[in-house]
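Position chain B against the provided structure of chain Y, taking the given hints into account.
Going down the list, the sequences are from chains Y and B. Residues in the first sequence are numbered consecutively from 25, following this note's numbering. Residues in the second sequence are numbered consecutively from 4, following this note's numbering.
Stretches of chain Y that chain B covers, calculated by requiring three or more beta carbons in the stretch to come under 8 Å of a beta carbon on chain B:
| # | segment |
| --- | --- |
| 1 | 126-133 |
| 2 | 144-154 |
| 3 | 185-193 |
Have a look at the derived ranges for each label pair, beta carbon to beta carbon:
| # | chain 1 | residue 1 | chain 2 | residue 2 | range |
| --- | --- | --- | --- | --- | --- |
| 4 | B | L303 | Y | S154 | 28 to 38 Å |
| 5 | Y | P145 | B | Q308 | 25 to 35 Å |
| 6 | B | P79 | Y | F54 | 53 to 63 Å |
| 7 | B | L123 | Y | L156 | 32 to 42 Å |
| 8 | B | D194 | Y | H250 | 16 to 26 Å |
| 9 | Y | S154 | B | S280 | 48 to 58 Å |
Source of the hints: derived by calculation from the structure; they are not laboratory data. Beta carbons are placed, not taken as given, at the ideal position from N, Cα and C, and that holds for glycine.
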Amino acid sequence: MTAAPLPGTVTAAGSGADALLAVTDLRVEFSGVHAVAGATFAVEPGTITGLIGPNGAGKSTTLKLIAGSEVPTGGRVRYEGQDITGHPVHQVARHGLIRTFQLSSEFARLTVLENLVVAAPGQRGATLTSALLGKRYWRAQQADLIGRASALLAEFGMSHAADQYAGELSGGQKRLLEIMRALMAEPRMLLLDEPLAGVNPTLRGAVTEHLCRLRDQGLTMLMVEHELAAVERCCDSVIVMAAGRVLTEGTMAEIRANKEVVDAYLLG
Amino acid sequence: MSLAYQYYLLTLLIFFGVNTIACWSLNIQYGVGGVMNFAFIMFQSVGAYLAGVLTLGPSTGASFQQYILGATLPFPLPWILAALAGGVLAWFVGLFALRPGRRDFQAMVMLVVSIIASTLVLTQGSWFNGQNGIAAIPKPFESKLNLGEVQYGWFYAALTAVTVLAVYWLVHRLTASPWGRRLRAMRENPDALQSLGVNVRTESMKLYVLGGALASLSGAILVQFIGAWSPGSWATGETFLYFVAVIVGGVGNNFGALLGAALVLGVFEESLRYLPSFGYAGVAEAVQFMLLGGLILVFLWFRPQGLIPERRRRLSRLQPEPAERSQESSAVAP
Numbered sequence: 025m026t027a028a029p030l031p032g033t034v035t036a037a038g039s040g041a042d043a044l045l046a047v048t049d050l051r052v053e054f055s056g057v058h059a060v061a062g063a064t065f066a067v068e069p070g071t072i073t074g075l076i077g078p079n080g081a082g083k084s085t086t087l088k089l090i091a092g093s094e095v096p097t098g099g100r101v102r103y104e105g106q107d108i109t110g111h112p113v114h115q116v117a118r119h120g121l122i123r124t125f126q127l128s129s130e131f132a133r134l135t136v137l138e139n140l141v142v143a144a145p146g147q148r149g150a151t152l153t154s155a156l157l158g159k160r161y162w163r164a165q166q167a168d169l170i171g172r173a174s175a176l177l178a179e180f181g182m183s184h185a186a187d188q189y190a191g192e193l194s195g196g197q198k199r200l201l202e203i204m205r206a207l208m209a210e211p212r213m214l215l216l217d218e219p220l221a222g223v224n225p226t227l228r229g230a231v232t233e234h235l236c237r238l239r240d241q242g243l244t245m246l247m248v249e250h251e252l253a254a255v256e257r258c259c260d261s262v263i264v265m266a267a268g269r270v271l272t273e274g275t276m277a278e279i280r281a282n283k284e285v286v287d288a289y290l291l292g
Numbered sequence: 004m005s006l007a008y009q010y011y012l013l014t015l016l017i018f019f020g021v022n023t024i025a026c027w028s029l030n031i032q033y034g035v036g037g038v039m040n041f042a043f044i045m046f047q048s049v050g051a052y053l054a055g056v057l058t059l060g061p062s063t064g065a066s067f068q069q070y071i072l073g074a075t076l077p078f079p080l081p082w083i084l085a086a087l088a089g090g091v092l093a094w095f096v097g098l099f100a101l102r103p104g105r106r107d108f109q110a111m112v113m114l115v116v117s118i119i120a121s122t123l124v125l126t127q128g129s130w131f132n133g134q135n136g137i138a139a140i141p142k143p144f145e146s147k148l149n150l151g152e153v154q155y156g157w158f159y160a161a162l163t164a165v166t167v168l169a170v171y172w173l174v175h176r177l178t179a180s181p182w183g184r185r186l187r188a189m190r191e192n193p194d195a196l197q198s199l200g201v202n203v204r205t206e207s208m209k210l211y212v213l214g215g216a217l218a219s220l221s222g223a224i225l226v227q228f229i230g231a232w233s234p235g236s237w238a239t240g241e242t243f244l245y246f247v248a249v250i251v252g253g254v255g256n257n258f259g260a261l262l263g264a265a266l267v268l269g270v271f272e273e274s275l276r277y278l279p280s281f282g283y284a285g286v287a288e289a290v291q292f293m294l295l296g297g298l299i300l301v302f303l304w305f306r307p308q309g310l311i312p313e314r315r316r317r318l319s320r321l322q323p324e325p326a327e328r329s330q331e332s333s334a335v336a337p
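Just chain Y, same shape as in the assembly (with noise of 0.2 Å):
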């Protein structure tokens, strides 16, 4: 099954070398099944680009294969002009490339803060052998750490949950967690896969201000949403997948004028 070119795939084509990332013809099948089917996009550095699309469109599994957690039958993923196709999931992380998941998947018997210390790269005795050192050797550097993981609760309101375990947080708080876990990674671009799934109305708007007010900031994202309100304040382009390819491409309004978008979600 080849993908015969669909309109709007061509804005893709502007996939040059600005683009933090780039995916070309990304394919991926289970037993027989074509969950992404010649998928190509290309994200700008310092943009929120949402990702959406009907149920099965293979959006998630487009995030999985760029994360490296699927590894594609075929196509291309490079991030900052490097070839990072089939890369496993740690190494794809450590180019600052991080993802969050759809399902809350917090370390649930660890503390609010011991779940955002742990993200952090490059931790002093965080092997088995810098462990041997003992405490003089890491001490200083995890009370950095944990100033800047309590900097950030504070900046998400959840300063009152430092010493709570994360299993105790609401559905909410947990989706909130998991960005700031996130952040703690020192990401240059972060894979958001549903971010608002969960959340109460209330703080779904808070949540999306913070995505805005990261984006503005510098820090890229692409982001796989159903919440569409959300996807058109913060998202400064759209992509639309069904059956496992792009569909168009543009900002919301652009999107909601196109009849074949439409038809894909009511019909799909």
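The following block gives chain B in isolation, referenced to the frame of chain Y:
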């Protein structure tokens, strides 16, 4: 105190020391890192066999026992080599058994490996003397010290105690470190940790090797005290005995594991010894396992965190400048 009573007491103490090291090995693997080592008893036996043959001297072949790797090494080389062998074996098993994202698979492969190893040693008589096992293993410094049996026993108990302290220093240092925190995160959610840039396979391999080495060390200490080792000492089911100890004592807490070693492997096991014998031969032993099964069910149901639960680490107390913190968090700080 009569000599017999003293000997009983010091035997209990040495067993307690050995079991404590064994439980710490399981605790750091399972309690902290979430790696269910169902092959635990295999690692303990490897340490025991190796420490045994490395002190027995070369196998003459003509005597009542035959084995491989025989040598006469001075203490503490047999213990050190036993621990190393446990680590190497763990590395080898880990190569195909460790799948951090698939704990069920991982546990089953380890159980099967343990059964295969047990069967091999039992049937390959030329390795470690088959089902008769090895016996008459010399004790460290016994010939030089020229002590009475009880006096020597106290010496060995002291040697064990020193080793227990050294192992505590090691496991405490590791579990309290950022690496320990990483291991706990791996226990909670390996996929999430991996997506933060940590290679969980490598980390669980290091953990598995460390635990394997400690388990083998415990076997080495035990074998040089009792002086013999045979396949009967390492039936696959014994692994679960140690799991019961760790779960009852407190998963993820080193003092919990120590308490579990004392209560389950010490008091509980020892008190069953005083039960009147009844029924057919072997019935009492079967009842013992049933009681252990009951114990683990009771704990998993009513107190899954164990007697001394894992400590909650309140990191907010360790902030650099508490004065600068917002009101909320300063209310938490002491």
